[in-house]
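Enquirer: Chains as they are written, first to last, in the numbering used here: chain A, 1 to 492; chain B, 1 to 488; chain C, 1 to 117.
Since the hints were derived computationally from the structure, they do not count as laboratory data.
Positions of the beta carbon are idealized from the N, C-alpha and C atoms, including for glycine.
Some hints here could point you the wrong way.
[Unchecked claim] Partner residues aside, some chain C positions facing chain A, computed with beta carbon under 8 angstroms: (1) 7; (2) 10; (3) 43; (4) 47; (5) 71; (6) 76; (7) 97; (8) 101; (9) 103; (10) 110.
[Claimed, not checked] Covered stretches of chain C, as calculated for chain A (at least 3 residues, CB under 8 angstroms): (11) 34 to 41; (12) 52 to 65; (13) 86 to 95.
[Said to hold, decoys possible] In silico negatives: residues of chain A with every beta carbon more than 10 angstroms from chain C: (14) 4; (15) 158; (16) 178; (17) 182; (18) 364; (19) 471.
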Amino acid sequence: MISAQLPILQVLLPLLAAPLCAILRGRALPHALSVGTVLLSLLVTVGLLIRVESTGTISYAIGGWPPPIGIEYRVDQLSVIVLLIIQGVAAAVLVGGGASIVREIEATRAPLFYALFLLNLTGLTGMVLTGDLFNLFVFLEISSLSTYVLVALGTDRRALLAAYQYLVIGTVGATFYVIGVGLLYMMTGTLNMADLADRVAGVEESTTIRTAFAFMIIGIGVKLGMMPVHFWLPNAYARAPSVVSAFLAATSTKVAVYIMLRVVFEIFGVPMFLATHLSEIIIGLGILAMVVASVTAIFQDDVKRLLAYSSLAQIGYILFAFGLATEPGVTASVLHLFNHGLMKGALFLALAAVALRAGRTRRTDLDGLGQAMPLTMLGFTLAGLSLIGVPGTVGFISKWYLLEAAFDRDGFIIAAIILGSSLLAILYVWPLVERAYFRKRDPALPPVEEAPLPMLIGIWLLVGANLLFGVWPDLATGLAERSALLLLGGAR
Amino acid sequence: MASADILLAAFCMPFVTAVLVALTGRWAALRDTLSVLGALTTFGLVIALATEWEDKILIGRLLAEFLPGLSLKFMLEPLGLLFALIASGLWVFAALFAIGYLRGNKEHDQTRFTVLFSIAIGATLGIAFAGNLLTLFVFYEVLTLSTFPLVTHSGSEKAMRAGRVYLGILMGTSIGFLFLAMAWTYALSGTLDFIKGGILSEEAGPGLTLVLFLLYMFGIGKAALMPFHRWLPAAMVAPTPVSALLHAVAVVKAGVFTVIKVIVYIFGWERLAGVPGTEIIVYVAGFTIGTASVIALRQNNLKARLAYSTISQLSYIVMAAALLTPLALLGAALHLAAHAVSKITLFFAAGSIYTAAHKTEIDELDGIGRRMPWTMTAFGIASLSMIGLPPTAGFVSKWAILGGAFTAQSWFAIGVLVLSTLLNAAYFLPIVHRAFFRPLSAEAKAHPHGEAPLLIVVALTGTALLTLALFFLPGEVEELAAGLVTSR
Amino acid sequence: MDFPGLFNYWVVMVLMMIGLYIVISDRNLVKKIVGLNIFQVSVFVFYITMGKVDGGTAPIIGEGIEVYSNPLPHVLILTAIVVGIATTALALALLVRIQDEFGSVDEDAIQKLESRQ
C-alpha cells in the first residue's frame with residue numbers, strides 16, 4: 001500500500017524531481033514542478049504525522065533488507081516535527097518566493113536553482129529519516145554541497161566568498177563527523193542507530209567511544225552554528241539569495257540540532273553526556289550565544305545579517321535547553337526548534353519581499369515600508385513580536401517552556417539570562433518596526449509597492465502558523481513532549 | 001442570559017466596536033456615534049454583570065491548555081468587577097470627550113485612533129476579568145502594544161522618543177521581571193489561578209517569597225513604582241483623551257490592579273505579612289510618593305504635573321496594598337476608584353483648556369476660570385479629591401488608607417500620607433487660585449475664547465459629579481472593595 | 001600502552017594535522033583546498049586501514065581463504081571519496097568565479113579589496 005511507502009516517498013519525491021528540473025528550460029516549468037513537488041511532499045509529511053500519531057514509530061527497511069544489515073528509515077514523533085518544519089517552510093518559501101527568484105536568479109540558471117533547492121530538501125529530509133549513521137553522512141553532504149552552490153548564487157559577489165568559507169568549514173565539520181562514525185563502527189561493528197544504542201552500552205567507558213563522541217559533537221556543532229564555530233553562518237545567510245536565506249535559516253541548522261539530539265541521547269545516552277561534562281559545556285555555549293549573538297545583532301546594519309545573528313542567539317536557546325538533558329529541557333529544545341523555524345522563515349521571507357521591492361535590505365531600506373507594503377510589514381512585525389516572545393505567538397510558548405526547563409533545574413540565573421536575551425531581542429527588532437511605520441521613505445528613492453500576491457500568501461502562511469501555534473500549541477507541544485520521552489526513555 | 005455569557009459579551013464588545021469603527025471610518029458622524037454606542041453597551045453589560053453577580057465566581061475557559069492546568073480563562077471577583085465598572089464607565093465619558101477633542105483640534109487619523117482606543121479598553125477588561133495570572137499577563141501585553149501607537153500618534157520625533165521609553169520600560173519590566181516571576185511561580189506551584197489566600201506552595205521559604213514579591217512589584221511597570229516610572233511622563237505626548245482614559249485610568253490602574261491581585265490571590269496577604277522584608281515596597285512606594293510630588297511641584301506643563309501626580313497617587317495604592325492589612329487593602333481598592341474618577345476629570349480639564357485656549361503651561365492660566373467656569377470648577381473638585389478633602393471621593397479612600405496605616409503601625413506610611421497631602425495641596429491649589437483669582441494676562445485678553453465644545457464640558461462635568469457621588473454614596477464601591485478582604 | 005601503538009593511527013593523525021593546519025593558516029584559497037584534501041585523505045586512510053585484518057585477503061569467496069578483511073569500511077569510504085571529489089570540484093569552480101570577480105585568490109588581497117569599497 002502507498003501508506004506503507006510514505007517514508008521512502010518523502011525522500012524520493014524531491015530527489016526525482018531535481019534532475020527533471022535541471023533538464024527543463026525557462027522559469028515557469030521548473031517552478032511549477034518544484035512547487036508541485038514540495039506541496040506533495042508536505043502531504044506525505046502530514047500522512048506520516050497521522051500514521052505516527054496513530055501507530056507509533058515506523059521502521060522502514062530500504063529494499064526489503066532488514067536492519068541492521070540494510071539501511072533503515074525510522075519515523076517517530078521527533079522526526080515528524082522536524083519534517084513538518086522543513087516541508088512546511090519549503091512549501092511556503094517556494095510558493096511565495098517566485099518573484100524573488102525571478103529577480104535574484106538569472107534566467108539561464110533558474111532550472112538549476114530549482115534542482116539544487118530540491119536536492120537540498122532531499123538531503124535535509126534524508127538526514128531526518130535515516131536510521132543509519134553513514135547514510136546520514138551521505139545526505140548531509142547532499143544537502144551541504146547544494147547549500148554551498150545555493151549560497152554562491154547570491155547577487156552580491158561576496159556571496160562567492162561566503163559560500164567558499166562555508167564549504168571549507170562545512171567539509172571539515174562533516175569529515176569530523178565521519179571520523180566519529182568510523183571510530184564507533186570500529187568498536188561496535190554496526191552503523192544502525194538503534195543497534196548502536198545497544199552495543200555502545202558495553203564499551204561506553206573506552207577512550208575510543210569518548211573520542212568518537214567528541215568528533216561527532218564538534219562536527220555537528222559546526223553544522224548547527226554552535227557559538228565558537230559559527231562564523232560561516234552570518235555571511236552565508238546574509239549573502240545568499242533571499243529565498244535561500246529564508247529556507248536555510250528555518251531548516252538547515254534545525255536538522256543539525258536534530259542529529260545532535262539523536263546522536264547524544266539515543267546512541268551515547270544521558271549518563272555519558274553528564275559524565276563527560278558536555279552538559280555544562282553545551283549549556284555554557286548556549287548562554288554565550290544568547291548573549292553575545294544578541295548583542296552583535298543590535299549593531300548590524302544589514303537586516304539579513306541582523307537576523308542571522310539573531311538565529312545564532314536562538315540556537316543558543318535550543319542548545320541550552322538541550323544541554324539540560326532533562327525531560328522539560330529536551331521538550332523545550334524540540335519545541336523551540338520548531339517554533340524558531342516558523343519565526344525565522346516568516347521574517348526572512350518578508351525580508352525577501354523587501355529586497356524584491358526596495359532593492360536592498362539595509363536598515364534604512366525599511367523606512368516607510370509600513371505604508372508602502374502594509375501586509376508584508378505587518379507580517380514582519382508579528383513574526384518579530386514572536387521572536388521577542390509576546391503572548392499569542394509561538395515565541396511566548398517557547399519562552400515559557402524554556403523558563404520552566406530552567407526552573408526545573410533551579411536555574412534562576414539562567415532563567416533571568418533567557419529573559420535578558422529576550423530584552424535584547426526587543427532592542428534589535430523594535431527599531432526595524434519603528435522605521436517601517438514611523439519614518440518616511442527617502443523621496444529620492446523610487447517608490448515601492450506591496451509584494452505580489454503569492455509572496456504575501458507565503459509570508460502569511462508562516463505568520464499564520466506563528467499565531468496559530470501560539471494560541472493552539474497542542475500539536476507542537478504534544479509532539480515535543482513525546483519526542484523528549486522517546487529520546488530520554490530510550491536512553492540508559 | 002447566563003452571567004458567563006454577559007461577561008464574554010462585555011469583553012467582546014470593545015473589540016466589536018473597534019471593528020465597526022474601522023469599517024465606518026469614512027463617515028465620521030456614524031463612526032463617532034458607533035464608538036459612543038459601543039462604550040455605552042459595554043458599560044451596560046458590565047452593570048448587568050454587577051447586578052447578576054452575587055458573590056459567585058464565573059469561570060469561562062477559553063482556548064486550549066498549553067501546559068497542564070494552564071489556559072486562558074476568565075473569573076469574576078469583586079475587585080475585577082470594580083475595575084471593569086470604572087474602566088467601562090469612564091470609557092463612555094472619554095468617548096464623548098474624545099469626539100469633542102479630536103474634532104476641536106482637527107487631529108489626523110481619527111479612525112485609527114478610535115480603533116486602537118477601543119482595543120485598549122478591551123484589553124483592560126481582559127485584565128479585569130482574568131481568571132489566572134497568565135490571562136492577565138497576556139492582556140497586559142496587549143494593552144501595552146495597543147497603546148503604543150496612541151502614544152506616538154503625532155508621529156513627531158519627540159513622540160517617537162517618548163514611545164521608545166514607553167515601550168522599553170513597560171515591555172522591559174514585564175518580560176524581564178513579571179514574566180520571570182510568573183514562570184517561577186508556576187514552576188513552584190503548578191498553577192497560576194487566582195485563589196484567595198494565595199497559591200504559592202509551602203516549599204517557597206521566606207527568602208524566595210521575598211524575591212518573588214520584589215520581582216512582581218517592580219515587574220508590574222504599569223504601576224509606575226520608581227525607578228520604573230519614566231514611561232508615564234513620556235506618554236503625555238499622546239493626545240489628551242489617551243492621557244485621560246488610558247494613562248490616568250486604564251493602563252495605570254491595570255498596573256495597580258495587578259499589584260493588588262498578586263498580593264491577594266497569588267501570595268495571599270496573610271502569608272506575605274509573615275514574610276520579613278516585604279516592607280521594602282512600602283518604603284519604595286513612600287519614596288515614590290514623596291519624590292513624584294516634589295517633581296510635580298516643579299512642573300510648569302499642566303499635563304506633566306498631572307502625570308507626576310499620577311505616579312505619586314499610584315504609589316498610594318501600592319503602598320496601601322503592601323501594608324498588608326485588611327483596612328489598607330480596602331483603602332487601596334477604594335483609591336483605585338477614587339483616583340480614577342478624579343484624575344480623568346483633571347485630564348479632561350487640561351484637554352478642555354488646550355482645545356478652547358490652546359494653552360498647555362500652568363503660568364498661562366491666570367484668570368481662565370472666568371472664561372471657562374465649568375472646566376475650572378470641575379478641576380477644582382477633582383483637585384480637592386486629589387488632596388483628600390471632603391466632600392470628594394479622595395477623602396473616603398485616603399481615610400481608609402490612613403486607618404490601615406494605623407492598624408499596621410507603620411509610622412512611615414502615616415508620615416508619608418501627611419506630607420504628601422500637603423504637597424498635593426501645594427501643587428493643585430495654586431492652579432485653582434490662578435484660574436479664579438488672578439486677572440487675565442494682557443496676552444490672554446488679546447485672544448478671546450469661551451468654554452470648550454459641549455461634548456467636552458458634558459464629559460468633565462459628568463466625571464466631576466462622579467467624584468462627588470463617590471463621597472456621598474460610596475456604598476456599592478465599598479461593598480465590592482470589602483469583598484476583596486472579607487469573604488473567603 | 002606500548003609505544004608507538006598502531007602505526008596507522010600515527011600516519012592518520014599526522015596527515016590530519018598537516019591538512020587542518022593548512023586549512024586554518026594559509027591565506028591562499030587554492031592552498032586551502034589542498035589542505036582540505038590532505039585532511040580528507042587522512043580519514044580515507046583511517047577507514048581503509050581500519051577494515052584490514054592481519055593476514056586477511058580481499059573478501060572474495062574462494063578455496064582456502066578463511067581470513068579476509070572487512071569490506072564494509074572500504075565500501076563506505078568509496079562513497080566518501082566520491083563526496084570528496086565533488087567537494088573539491090565545487091570548491092575549484094567557486095575559486096574560478098572568485099578569481100573572475102576579485103582578480104585574486106588570496107584572502108588578504110580580497111579583504112583589502114572589499115574594505116576599500
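Enquirer: When the structure is checked against the list of hints, which entries are broken? Sort them ascending.
Expert: 1, 2, 5, 9, 12, 15, 16 and 17
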